[in-house]
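S.K.: So the chains spell out like this:
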Amino acid sequence: KQEVTQIPAALSVPEGENLVLNCSFTDSAIYNLQWFRQDPGKGLTSLLLIQSSQREQTSGRLNASLDKSSGRSTLYIAASQPGDSATYLCAVRSPGGYQKVTFGTGTKLQVIP
Amino acid sequence: DVKVTQSSRYLVKRTGEKVFLECVQDMDHENMFWYRQDPGLGLRLIYFSYDVKMKEKGDIPEGYSVSREKKERFSLILESASTNQTSMYLCASSRRPRVYEQYFGPGTRLTVT
Chain A
1326 KQEVTQIPAA LSVPEGENLV LNCSFTDSAI YNLQWFRQDP GKGLTSLLLI
1376 QSSQREQTSG RLNASLDKSS GRSTLYIAAS QPGDSATYLC AVRSPGGYQK
1426 VTFGTGTKLQ VIP
Chain B
15 DVKVTQSSRY LVKRTGEKVF LECVQDMDHE NMFWYRQDPG LGLRLIYFSY
65 DVKMKEKGDI PEGYSVSREK KERFSLILES ASTNQTSMYL CASSRRPRVY
115 EQYFGPGTRL TVT
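Chains as they are written, first to last, in the numbering used here: chain A, 1326 to 1438; chain B, 15 to 127.
Note that these hints are calculated values from the structure, not bench results. If you're wondering where the values come from, they're calculated on a predicted model, not measured in any experiment. Where is the CB? At the ideal position from N, CA and C, for every residue including glycine. Just so you know, not all the hints are guaranteed correct.
Derived Cβ-Cβ restraints for the label pairs, each shown as a range [what the hints assert, rightly or not]:
{"hint": "1", "chain 1": "A", "residue 1": "1326", "chain 2": "B", "residue 2": "70", "range": "30 to 38 Å"}
{"hint": "2", "chain 1": "B", "residue 1": "31", "chain 2": "A", "residue 2": "1397", "range": "27 to 35 Å"}
{"hint": "3", "chain 1": "A", "residue 1": "1407", "chain 2": "B", "residue 2": "98", "range": "47 to 55 Å"}
{"hint": "4", "chain 1": "B", "residue 1": "83", "chain 2": "A", "residue 2": "1380", "range": "27 to 35 Å"}
{"hint": "5", "chain 1": "A", "residue 1": "1376", "chain 2": "B", "residue 2": "17", "range": "37 to 45 Å"}
{"hint": "6", "chain 1": "B", "residue 1": "17", "chain 2": "A", "residue 2": "1406", "range": "41 to 49 Å"}
{"hint": "7", "chain 1": "A", "residue 1": "1397", "chain 2": "B", "residue 2": "93", "range": "39 to 47 Å"}
{"hint": "8", "chain 1": "A", "residue 1": "1340", "chain 2": "B", "residue 2": "120", "range": "49 to 57 Å"}
{"hint": "9", "chain 1": "B", "residue 1": "77", "chain 2": "A", "residue 2": "1364", "range": "24 to 32 Å"}
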């Protein structure tokens, strides 16, 4: 059974700092990994999707990497801004039905002005 | 712009009541999903539907049922609400071949007293 863990559960950083969020998963047989952002009281917004054959994906100040063999992904946020404050979740899609997506519990990020 | 709407943002119901949560999407997506999100547990799939009148159980279907009579609408039904069903409920939709590109609604926070 796939398990996805995100540590730390919460993170507070000063504005302008570069930061890394971590996601680990127990079964390396995955199709893809996706990073989401969730603002308070709102649904999830997709940030980046990495296919299992890829090592990284970039979008603006965000860079996500994937190391399938070690069961790890990182989301790098450059020059953090207060508007980046949100909860970040990773989700892994695994074999066993095309709907089999396992979500992590998220890292709550606060960027202090 | 894809839009997924949920009928209520906040809902308070009593134990034993029958509860309907409605989700509507406007992008003609084939797939629709219901998740619940709990602290420390992440998002867990309750049910999903890949076509009108078609449904499949997710990871935690017990105590829930669903209905999809029209392509744009997917309803989650709690036949007899219990306090352990107090949670945030998130609806999502996606196109059939791109199930990982899920678009989420804002969520319904349900409290059962």
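S.K.: Now look at each hint and say whether the structure bears it out.
M.R.: Hints and how they fare:
no.: 1; hint: A/1326 to B/70: 30 to 38 Å; verdict: 18 Å, violated
no.: 2; hint: B/31 to A/1397: 27 to 35 Å; verdict: 44 Å, violated
no.: 3; hint: A/1407 to B/98: 47 to 55 Å; verdict: 36 Å, violated
no.: 4; hint: B/83 to A/1380: 27 to 35 Å; verdict: 44 Å, violated
no.: 5; hint: A/1376 to B/17: 37 to 45 Å; verdict: 27 Å, violated
no.: 6; hint: B/17 to A/1406: 41 to 49 Å; verdict: 26 Å, violated
no.: 7; hint: A/1397 to B/93: 39 to 47 Å; verdict: 41 Å, holds
no.: 8; hint: A/1340 to B/120: 49 to 57 Å; verdict: 27 Å, violated
no.: 9; hint: B/77 to A/1364: 24 to 32 Å; verdict: 29 Å, holds
Of the numbered hints given earlier, the model fails hints 1, 2, 3, 4, 5, 6, 8; all others are met.
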